[in-house]
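S.K.: Sequence:
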Amino acid sequence: MKYIHGDKKYYRPSKSINTINLVVSDIPEDWETRSDDHWTYCFPANASLPIQGWKIHISAVPDNAKKTLDLASSYLLKNNVPFKYVSTLRELMYKDSKNAHRGSSGKFMTIYPKNENQFIFLLNDLHSMLKQLPKGPYILSDKRWFDGNVYFRYGAFEEMYNWDGATKIAVIKTPSGDFIHDHRDPSYQIPFFVEEPRVIQEMTKEQDRKQMVEESHLNKYDIKSVLHFSNGGGVYLADNKHSETQVVLKEGRPSAGLDAKGRDAIQRLNHESAILKRLKGLDSVVEYIDIFQEWEHKFMVEEYVPGKTLNTWLAESYPASINSNNMEYGDMAIPILNQIKKAIQDIHSRGIGMGDLQPSNVIITDTGNIKLIDFESAGSINDATPSGLITLGFTGDAGLTKEQADWFALLRIARLMFIPIGSVQDLAEDILSKHDTWIQKHFGEKVVELIKYFEFECEIRSAKAVDSVLSVPNKYLNKNDVSHISSNLRKGIVQDLSEDINLLPGDIRQYESSGGLLNILTGGFGVVMALKRTGSLPDKAREWAFKYSNEQYLSKLDNGLFTGKSGIAGVLYEIGMTKRSREIFESIPSETDSEDISLRSGLSGIGLALLSASITYNSKSFLENSITIGHKLKSLFERNVAVRPNEFDPIPIGLIDGWSGVSLFFSKLYRYTKDDMWLDLSLQTLEKDINNCSFIGQTGLFQAEDEKKRAIPYLSGGSAGIGLAMIELRHLLGYEKWNNELHGIGMATISKCFYNSGLFHGLAGMISSANAIDIELNLKEDSSYVNKALETINLHILEEKGSYFIPGNYNFKLSGDIFSGSSGVLLVINDIGTSGYSWLPIMNLSEIFPSLKNRRHFEVY
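When we follow my numbering, the leftmost residue of the sequence shown carries the number 1, and every step to the right adds one.
Source of the hints: derived by calculation from the structure; they are not laboratory data.
By construction, the Cβ of each residue, glycine as well, lies at the ideal position given by its N, Cα and C atoms.
Don't take every hint at face value.
With a cut-off of at most 25 Å between alpha-carbon atoms, the simulated BS3-like pairs for lysine-lysine come out as follows [to be verified]:
#1 Lys-55 <-> Lys-173
#2 Lys-475 <-> Lys-452
#3 Lys-277 <-> Lys-342
#4 Lys-464 <-> Lys-342
#5 Lys-547 <-> Lys-491
#6 Lys-66 <-> Lys-78
#7 Lys-241 <-> Lys-277
#8 Lys-547 <-> Lys-579
#9 Lys-491 <-> Lys-9
#10 Lys-2 <-> Lys-66
#11 Lys-308 <-> Lys-277
#12 Lys-55 <-> Lys-135
#13 Lys-308 <-> Lys-752
#14 Lys-342 <-> Lys-452
#15 Lys-632 <-> Lys-620
#16 Lys-131 <-> Lys-143
#17 Lys-434 <-> Lys-446
#18 Lys-709 <-> Lys-752
#19 Lys-532 <-> Lys-547
#20 Lys-66 <-> Lys-135
#21 Lys-752 <-> Lys-446
#22 Lys-579 <-> Lys-556
#23 Lys-114 <-> Lys-55
#24 Lys-491 <-> Lys-540
#25 Lys-143 <-> Lys-173
#26 Lys-479 <-> Lys-441
#27 Lys-308 <-> Lys-341
#28 Lys-9 <-> Lys-801
#29 Lys-224 <-> Lys-308
#30 Lys-752 <-> Lys-475
#31 Lys-9 <-> Lys-464
#32 Lys-261 <-> Lys-67
#33 Lys-556 <-> Lys-632
#34 Lys-801 <-> Lys-475
#35 Lys-788 <-> Lys-441
Beta-carbon label-pair distances, calculated as ranges [what the hints assert, rightly or not]:
#36 Ile-27 <-> Gly-802: 49 to 55 Å
#37 Glu-586 <-> His-38: 32 to 38 Å
#38 Gln-345 <-> Ala-260: 23 to 29 Å
#39 Ser-225 <-> Ser-74: 45 to 51 Å
#40 Asp-70 <-> Asp-208: 30 to 36 Å
With these hints in hand, go ahead and build the complete structure from the sequences.
M.R.: This is the structure we're talking about:
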């Protein structure tokens with residue numbers, strides 16, 4: 001939500017009234033202050049602090065944040081104690097919201113005592129000063145000082161990190177000089193070398209004594225497992241010891257899990273229990289049992305419904321393969337939709353509307369029936385007040401009543417069950433005509449008739465979608481439109497170029513990742529590369545690259561291929577900035593302690609970039625550096641180092657983050673050194689990823705499987721990327737290996753649809769793989785994978801006045817970057833019919849990949 005409402009078209013930081021800055025007044029002249037997107041830091045100019053120790057956190061909710069800051073900061077300034085605080089009410093709201101990180105929730109201020117004596121002194125004074133204020137969220141990573149808003153933990157004061165693969169780990173220092181993990185999990189932990197001060201031990205003993213004499217309602221239940229955690233509390237599966245039945249316990253934490261109305265989890269739990277009491281007796285609604293207070297928390301007890309959410313059912317049941325039985329799936333899906341329709345009609349007959357009907361709130365029971373759960377947003381069917389919690393993609397126009405909202409959500413669920421992609425229709429509702437044509441082609445008239453019935457029910461109730469900001473291409477695009485698609489994608493990119501550091505908005509990683517606005521993956525240099533490789537480079541893009549290639553902008557970037565300097569250096573060479581390019585390559589060290597093996601940010605990507613630089617500049621030193629990195633990767637492989645990607649949803653396999661990227665690098669090292677060791681290692685590392693793949697049932701699909709048992713076909717983390725490494729190694733081995741696997745990957749590329757359209761996690765990466773497989777296996781027109789895969793772009797692609805655009809991940813907004821947006825799709829479309837991987841940010845692609853030739857160039861008209 002943080003990046004959804006800041007722009008009509010693109011993901012950008014939101015702007016709202018809650019961006020109001022929180023300001024500390026009367027800061028002494030000898031103090032220093034600075035701010036970033038989240039924190040404001042206030043330190044005496046002469047402050048001398050230890051690198052770690054006992055630190056204090058002050059909890060607050062937005063309503064009392066200003067008063068808390070005024071009281072605490074005045075005292076801390078007077079006593080020369082450094083501190084930081086959350087800069088805006090909006091950031092504090094996000095931090096305390098339902099889906100925020102549980103370990104940092106409530107941390108409004110952080111205070112840095114100079115020693116243990118001052119630490120104890122501050123605990124007492126701050127507690128006395130703030131204890132009359134309403135309680136903020138309990139800080140789960142800390143221990144509370146008595147019963148107020150003052151918390152504490154032992155941890156780092158300075159930023160100290162180690163790397164675990166590509167993942168940065170916060171650390172603290174032991175007395176022996178070693179570094180260990182500085183745990184910031186949602187539980188209070190003390191390092192093994194630290195002992196709590198005596199006053200804290202005494203306080204804890206007294207609290208434990210009181211808790212032992214208090215009767216616990218929870219003792220009636222034997223908690224078996226956690227079903228879900230949010231910042232508002234847990235959801236637990238438990239046995240009722242008295243009735244010997246299984247139940248679900250929903251927990252509410254005070255002041256935590258705030259929704260858009262400012263309600264905390266307890267307020268919503270009380271509200272939900274009242275709603276469920278009114279709905280008792282309806283077979284399609286989860287049954288309410290009880291609600292009780294436990295310490296400061298609330299727990300609601302409801303029946304346990306054995307089954308799976310509709311989301312999970314859809315992932316398991318959807319006939320993705322072209323060999324699947326579509327009609328059989330339709331015969332299962334239609335009754336489910338009719339049951340949901342009957343359920344909302346029954347709920348509405350009691351005067352109640354859900355307000356947040358969406359697939360995760362629908363349980364498909366073991367007997368095939370449905371139950372609706374989660375009524376936190378429910379209310380009167382005529383209530384048009386916006387729900388405090390909504391699920392994007394299932395929410396219509398602002399001001400819908402609960403009745404209207406439920407019918408609109410049912411329509412969206414119906415469409416999702418047959419085209420399970422992100423909600424691109426919120427950007428351009430007229431894309432639904434193409435979706436209907438596609439649904440009828442694959443699932444038949446009966447399904448379309450049901451969807452049209454739900455549309456009619458929405459129309460008669462005026463349950464409308466949000467206003468569209470874009471449209472869709474008039475024609476149904478196919479293999480003959482490659483040049484047309486490329487030209488219009490370039491138009492869309494060029495028309496939206498900016499002169500500031502954000503050359504073109506992309507995925508939210510632009511704002512969440514260091515270097516995200518500049519790098520190849522999500523930033524401007526990826527856009528520059530896409531434009532240069534598909535036509536002439538606009539002056540605005542060239543001037544941007546010249547400005548932001550300055551060391552003052554690049555100094556804080558890592559050395560990664562997609563995330564940092566080695567990829568940017570290659571782009572600078574291609575646009576004629578050869579001197580600056582070489583300077584950057586010369587700054588990249590070959591000796592490193594990094595265990596990041598990835599093509600994205602790590603050793604294999606950097607090694608590949610240095611190898612290309614050695615060829616481009618005819619440089620022996622760059623080649624030696626590349627070989628040094630190769631030996632480092634060899635050592636990591638022999639140690640069987642764990643792969644830990646630095647990603648939001650890390651998948652430790654595949655071309656981008658796994659051993660297939662290492663295999664690709666080893667393949668290229670062998671090609672230039674003729675050292676058989678690299679060829680052997682290329683095969684061994686690739687087989688490590690292939691062992692995580694399998695053929696799926698009778699579908700013929702060959703897909704990777706991650707630790708969560710998800711079948712993944714994509715370029716990043718999936719079989720499509722592994723297939724590209726297979727193809728490169730086949731050429732070096734000199735014989736046809738993995739034919740069946742490549743056909744299985746090809747079958748995956750022509751699955752019915754993909755949730756996203758982008759390069760790394762969506763359709764574009766599948767098109768790239770399909771194209772490569774077509775050429776590698778010499779497939780003819782009638783058996784081509786890429787022609788069938790390309791047709792799926794009609795479900796995603798958008799248009800505005802002749803320019804084409806690509807929705808980013810989740811399809812809520814557009815993206816222009818390599819990772820998820822137009823730049824990545826442009827490069828892939830431009831490669832069709834050639835053996836090129838022009839989305840790879842390395843120089844001299846045709847030299848590194850000799851099969852690359854005849855790449856098309858399209859001008860913007």
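S.K.: Against the structure shown, which of the earlier numbered hints fail to hold, in ascending order?
M.R.: When the structure is compared with the hints, none of them turns out to be violated.
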